[in-house]
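From first to last, the protein sequence lines stand for chains A, B, C and D.
Take the first sequence: its position 256, counted from the start at 1, is 256 in my numbering, and no numbers get skipped.
Take the second sequence: its position 18, counted from the start at 1, is 1018 in my numbering, and no numbers get skipped.
Take the third sequence: its position 149, counted from the start at 1, is 2149 in my numbering, and no numbers get skipped.
Take the fourth sequence: its position 416, counted from the start at 1, is 3416 in my numbering, and no numbers get skipped.
Because the hints were derived from the structure by calculation, they are not lab data.
Among the clues, some could well be false.
What the hints assert, rightly or not - Keeping only pairs whose Cα atoms sit at most 20 Å apart, straight-line, the calculated SDA-like set for lysine to any residue is:
id, chain 1, residue 1, chain 2, residue 2
1, B, 1131, B, 1082
2, D, 3381, C, 2195
3, B, 1315, C, 2166
4, B, 1315, C, 2050
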Amino acid sequence: MSTAWSVTRRRHRLGSTEVVYLALLGLLALSAVLVAASGGNLFSQANLVDMLTRSSLLGMVAVGQTFVILSGSLDLSVGYVVAWSSLVAATTMAGDPARVPLGIAAALGVAALVGLANGTVITRLRVSPFIATLGVGLIIKGYLDTQYKGPAGEVPASFQAFGYSRIGPLPVSAIVMLALVAAGAVVLARTRLGHHMFAVGGSQDVARLSGIRTHRTVISAHVLSALMAGVAGVLIASRFGTGSALVYTAGYDLNSIAAVVLGGTLLAGGRGSVIGTAGGVLILGVIDTVFNILQVDPFFKDVLRGVIIIVAVAVYARRQIDPSSRRTRFPAGRTAGGEAR
Amino acid sequence: MSLNGRSTYPRITRGVMAIAALSLMAACTTDAPDESDQPADEPAPAATEGAVADTDSEWFVLADYERQLAQRDVTPEGPADQPWLQMIEPELVDMSEFADAAPGKTLCFANASVSNPWRVTGFITMQEQVKVLQDEGLITDFRVSDAADDDNQQISDIQAFVASGECDALIVSPVTTATLTPVVESACEAGLPVIVFDRGVNTDCMATFIHPIGGYAYGADGAEFLRDNLEPGSTVLALRISPGVDVLENRWAAAEKIFAESGLEVLGNEFTGGDGATIKDIVTQYLQRGDVDGIWMDAGDGSVAALEAFEDAGKPYPVMVGEDEMSFLRKWDETAITAIAPVYSNFQWRTPILAAQKIWAGEEVPSEWVLPQQPITADDLKAFLEANAEMPSLHYAKFGGEELPGYPDVWMNR
Amino acid sequence: MTRPVRRLGALHPLTPGGHWAAYLILVLIFVAVFWLNPSFAEPASLMAFVKKAAPLVVLAVGQYFVIVNGEFDLSVGSLVGAQVVIAAKMLNGEESRTWPVLAFMIVFGLLIGLVNGLVTTVLRVPSFITTIGMMFVLYGAIRLWTGGAPTGALSVAFRQVGRGGFASPVGQFQIPWALVVVVVVAVLAVSLMRRPFGRTLVATGDNPRAAEFSGVHHAWVTTRAFLLSGFLATVAAVLIGGYAGVTAQVGAGLEFTAITAVVLGGVVLGGGRGTVPAAIAGALTLEALFTLFNQLSVPSTLRPTVQGAIIIAAVAFAALPRRHRSRPVSGAVAPEGREPLPAAG
Amino acid sequence: MMPTRSPELEPAAQGEPLLRIRGVSKSFFGVSVLRAIDLDLVPGEVHALVGENGAGKSTLMKIIAGVHRADQGTIELDGHPITFGSPIDAQRAGVSTIFQEFNLLPERSVAENVFLGREPRRAGFVDRVEMRRRTDELFADLSITSVSAGARVSTLSVAEQQIVEIAKAVSYDARVIAMDEPTAALAEHEVELLYRLVARLKARGVAVVYVSHRLKETFDLCDRITVLKDGDLVLTTEVEQITPDELVRTMVGRDFAGYFPPKDPGHRLGDVVLELEGVGNAQVDDVHLTVRAGEVVGLAGLQGSGRTEIAHGTFGIAPFTRGSIRVASRPVRVRSPRQAVRHGIALVTEDRKAEGLALQQSVMANARLVLDAVLPATSEKRSTAIPGLLSSLELVAPSHRTEVRYLSGGNQQKVVLAKWLVTDPRVIVLDEPTRGLDVGAKRNVYDAIRRLAAQGVAILLISSELPEILAMSDRLLVLREGRVVGELPGGSTEEAVMGLATGAAHPGLPDAGPTAGVSA
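Given the sequences, and given the hints that come with them, work out the whole structure.
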């Protein structure tokens, strides 16, 4: 009977997140072998630290991007937000340890405003997220190019610890990233906002019929995304010792989207997880590290990244079950009447 | 992307939006600068108060400017036939702390990128130089990381090298000056001989900082050439790649200063992203509005596209500032224009390897190793054309690898 | 007879095609340019403008086919770059190779389009992701092949298309081949859209389910859209390479410019709405905008800001209908089955 | 959470009305669909709302649900006049409606769906344990056993999803719950679940508005019955006071003379054109049927009895996995609509907007779509016939370049018909061709059917409107549970059909399916 049938269906199905981490494990195993073959040890502290460090920045941005994509939107402005907030942080701190909190606050404040702008343009002006965030990004770019010709501001040495020091094997930046992932997971699982993001991304009409303020949800998602990018910007500032506009050339926009879908989140929204995203980011980070250890041509990395993303999403697409599940009245196999032609 | 709105947005608001957009354009017209009569030391148009915004001074330090211009006339010490080993006004520093005769060294190189022809050419030269030392047995392992022009990635790369503890020396070609200072310092603290070349780092902890004379000199070479070959009052168009890149900003700062004192009219300075199509389009548009007597570029990429704009517009060639890229040199030769090719000595890619060799040998190296930087002029044009006759068009004439084993094949079919 | 249509038109000034917003902006900008610099109105200047704008126009037409079908092609930028570099490396300046290399490029472009199309339709990967992946692959592969920066050189014959022209029968100016290419592409595209394929393409973008229930071969139609995009990206590459030769940066970011242009023309992301002329108008508007910036000598650094503001304004102005792929409007909010002015989409 | 107002615990068909509807009228675009309706709902009663397709049931439902606002009249809840701005308002006030298409998020768990928009929190965080607990409690309270609170909705059967929806409604402390054909998509054994659930609600003092065409249910479950006809309330009565036959007469007793175009007496049937031999798939099994040239064969049956599935199987949307199809006695393979069209089969789909039309395209583009898609070579030539076809269907449109979304439902359907007629199909399957159309448009469709028959096209007609299918068909096949349970000659009685369709001993009502609009 249908319930029994659906229950078994449930049992056999393993979620995208699990798949991501299985893939990650597989990748780690393979990499470990390859590295060992070239006389190295992938799991040496140095390499582990390297993987985590490389994952930190993209990880932060991708967590934010996850919120946006889950809510059925998109954020192409993150790269510019990272750059801007790094500059705001560094110039506000101006080398004075006492001004560090102020600098962080200012950076995050600016970021939040950008997110607010994105969300408002999308919901109120009804501009497609693609164009809205692309446009806002361009606006910021112009401002940065005009206002800051090159690196600006100075981060006090004390605060550079954020970018460089470690607690045991864990780089502080990675700890912050993982903390944000955890926080993101909590937001999605344990707050109304999180639940409502899933709802809006899944079906705006159902969300509306359930009394959810869809606009507010989308705007919040964009603010969160921008905030995460803001944190990444602060990290940049602490690692650079200064703010840099040119960070926006680093391609955080598309890479974060790639990481999110690689993490098993539906590009259309409504399904996915921050944990999965973290998995996606780590996969990319591991590839970076391993390729460096193995001295692989950096451009081959781009090729592989592209292939991996496509393959991964193709796999998820295969596993997609159609939402309108109908009961089967006449299970296949049993035939009455003529044979199938 | 399922959030697009419906087609029910109030018309009034639409109107407002449109007006807003247009007025924004208008606004831009009002505070747009008129470069032609703007003294160089005046702050940039969109600039507001505050050190950050006061960009023209941010990139111009008079002392450095004057030193570099002077250094052009200094005869460098060292073998004239090996410019990559020459040094200008060296302050030699003792390196015995790093002395280590043992062969089988691991040399690590944190490269910014190979994203433009200049870097590609240089990197080939560097690898060939390494091969020589590998054959000698000095170097067994040459590890390279490529940061794809991403400062943060380069920081991680350097951290990884340091953490691995396997590097006997670390060469860094920074993506940006300021941003790499902390990590380079940490590398020094790790006790590594650090060799920085091309762009600098705001610290003096490294064993040596290798670079040609510099951006001011480069910019000045071209600007002075234009000044000397154009009547006062002639028009000059400045084409720049992108804002915020220190070496490029220095080139422009010097040129801007010289132009300001030259009585030449600077029609404008435009950012082209180094894209030929953009360059050609911008030049074409300036030609539509009037004559352009001279072109100053902060890097040679696309200089041919700029010249083509004149051809296609049927205008006489300008006095041209290019670079020692073969495509330009050949165009220069074909068209017999009045031109100069400032040089940002590509052979500097050999020097760090040789510096490492010296350091391990305990020999002294200059704390700041200033390499010669001689522009190519009409006089020596032919010589360089013949020397590099077989080289591809995006090859750099002063690559200085002629006597390395791989020559010429590795540079020809890259 | 058509009065009711006008009435609806009055209610939704820009929804039928949405594109004359683009024509309006285009005219405004050109008027501004002429006014600021009358010499721009001279044929020679206009021809120069055409030469510069040609690649983006062709690219926009290619992007149009994909977008009107409800998909994206973010790989065109790196495809253009790849094609120019391939041409330079294979030609290495030798005239004799021109035609074979052109042939190869076309095959390569079609191949990329085919892969994009099949991955999107057969493997069910959202085209946004498919083409981002392809973007990475092309970017890396081409540099892997050339060692980072382009090598070789284009032949003179190859560059003719993008650079050369022929003397105009009337007046003292040259008509660029690029103009001919653009006109041919435009005419072919428009007539293609008037053919059965064109209508099925749009209908599929509008309502895939209804299209399939009408016998449309969805996968093949979409794949053909990507084939067209790949082919036209190749044409654009020939034009852009011809116009300015090889530089390391060529093609960078063109995908976003092309999509922006198409959307600026009132073509709706998500498919089903918009016309070829509108897409072309969008591309011209964008190029004219860049020219205007120059005429106004808007500081280079400030231009992206103005561009971004104008794009958002224009799109908000055209008030895009809801993306079609979003879940259908729940019946619970639609009146008794016959609403003459339904929620769009 | 759970309402425990003891006085209402014993099923009381008397007492103060919970919901009082007075003089409610509604019209859409000048067409009046409800006129001066008075209706009382008392606590603990199950109130059947019956009537033919388009009688106004679902409009009344939607007014109660807060989807539509009444043009005139008042609604009082507990004696307080109320006007709901939106369904959520109504729900919060304790008036919930369960529509036919599900308003659940397939990717989310049952509990998350039940509490969507009002997740229980502790210390600001969503308390999932509490959420699960309350869901379990709720289910236990309603003695729902088949669904677990943690299950993802997309893994549930339709019946289970329905039950979740009802539970969700209850969890809003709903005191009035309106159900629109809750059993429509359910199998016999699943209906039992629902019965129990409704009984529970009744016991809890909830007033249930129950729209169904399964007469058996109506009489088993309901305390009172209200009959709507053409927007008027014709009768409200205790269930004991009326017999099924009387009820049927009150509803359907309408003079159809002149409403359906007469068959041409001289009309002859040709050879067999469409032949289904023991076809079946996941939804239907062992179906045998033949349609002759010029013959109209009706497929009758309740919602979900497999009518649409046969249509989709024949047209290759959900291909048959068993049995064989023959067209003009040639065995054919139909694995996709494309192949179906190539074999001369056409399908006018049930859901015009979602499956029939590209709404943003012009009348002409839609009418040409099949030609363009399948026969591009001849498309140009053959499409010249379209204007003629459209005018013969009496299409009313500003121009053939008008986007179809600007047309009325009737005219949209004419475009769909034209799209298929222009391909000269040998077989045409019509799935609910007149759903949601006004009388005039219906007449146009009927005429078209007759014309096609006269031209020798084989026609398979699916309809929920018994009078229609009885009057238009030469023969009727009745389906139940995915199987053909009987064949009747044209002009049989509705009772005969419903008897077979419901499998009930006594006659039933026309199974009017969801009224238009619900499936917009």
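Checklist entry - Of the hints given before, which are not true for this structure? => result none
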